[in-house]
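**Q** Using the sequences plus the hints, can you model the full thing?
Per the numbering used here: the sequence shown ends with 257, consecutive numbering throughout.
Treat the hints loosely; a few may be bogus.
Claimed, not checked - Taking lysine-lysine and the BS3-like style, the derived pairs with C-alpha atoms no more than 25 Å apart in a straight line are:
| # | residue 1 | residue 2 |
| --- | --- | --- |
| 1 | Lys94 | Lys239 |
| 2 | Lys257 | Lys94 |
| 3 | Lys239 | Lys257 |
| 4 | Lys193 | Lys257 |
| 5 | Lys108 | Lys84 |
| 6 | Lys86 | Lys239 |
| 7 | Lys84 | Lys216 |
For the record, the hints were derived by calculation from the structure and aren't laboratory data.
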Amino acid sequence: MYACIILALLLFSITLLQSHLFTNNHRSVLAEQQSAISSSSNQSNRVLGAIASNLFTDNPDATVGGYHPPIYNSSGSKSDPPAKEKGFLVADEKPFNVSYSSSWIKNKGFSTQFTGVHSTPIISFLIPDFEATTSKSNFVGIAQYIIGGNQTAAASLSDYVREEINELESDGSFQLYESHPERLGHSHNVAYKIVYATNIVDSSPSVGAEVVGHRKTMEIITVNNGTAYFFVYSANANKYPVYLPDVIMMLNSFEMK
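**A** The structure is reproduced here in structure tokens:
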């Protein structure tokens, strides 16, 4: 009788010990899993941070929706201040100030030529349009150019206009719509305006060069201290009138320093 009772108590003690060991092991496993999850989460955050940093390091001055993205480098970029025109911001460059729509994308790393002559791009404003079928199809760009690269050369506005048109005419699809004197910005700087159209050509190995659309472009050219400044608005022909009011607002705000 006593032997049975002792055996029963021994079995009960063994069961309790096994239960305790299982609970401790289970807690240990859970702790290891939580630690692994936390480590994985931290690693994911580091990877995402590195990707974001790489994206914006290439062009720290890019502005999306009128505001700079989070800064992951030491470029010192900051948001542009609001303009007096509602919905516009002010781009403050060394030779000029100009207002632009806060929904456009400011880019100071724009290296593609947007004039006939080999000018130096200063800044561009890409116009988001998800229906566009061609890269950078709608934009405003500002560039500078000196005839012969010699700032001391006596070059008049008409000289710059003539050289630009001569270069543009090398495109066989070039069609000139407007060509006349103009006034630019707050100070009503003497300027010259040309409006023209060209074909949008898609070249592929299978079909060769194919006209896939038409582009309409407006250039306002002015000269300041021997340097010509080109204000260029270019868009798909059917989109040209859509953004023209904002472009005119930009032109009216343009101010040489």
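**Q** Take the hints in turn and mark each one as holding or not.
**A** A quick look at each hint next to the structure:
For a cut-off of 25 Å, the pair hint linking lysine 94 to lysine 239 is broken: about 31 Å separates their Cα positions. Under the criterion of a C-alpha separation no larger than 25 Å, the hint pairing lysine 257 with lysine 94 is consistent with the structure, at around 8 Å. For the suggested pair lysine 239 and lysine 257, the alpha carbons sit about 32 Å apart, so the restraint of at most 25 Å is broken. Between lysine 193 and lysine 257, the direct Cα distance comes to roughly 21 Å. Compliance with the 25 Å bound is thereby established for this hinted pair.
Taking the CA atoms of lysine 108 and lysine 84, the gap is about 23 Å. The hint holds against a cut of 25 Å. In summary, the hint linking lysine 86 to lysine 239 is supported, as the alpha carbons are separated by about 22 Å, within the 25 Å threshold. Using a Cα cut-off of 25 Å, the hinted pair lysine 84 and lysine 216 is violated, with the two alpha carbons roughly 29 Å apart.
This entry does not satisfy hints 1, 3, 7, going by the numbered hints stated previously.
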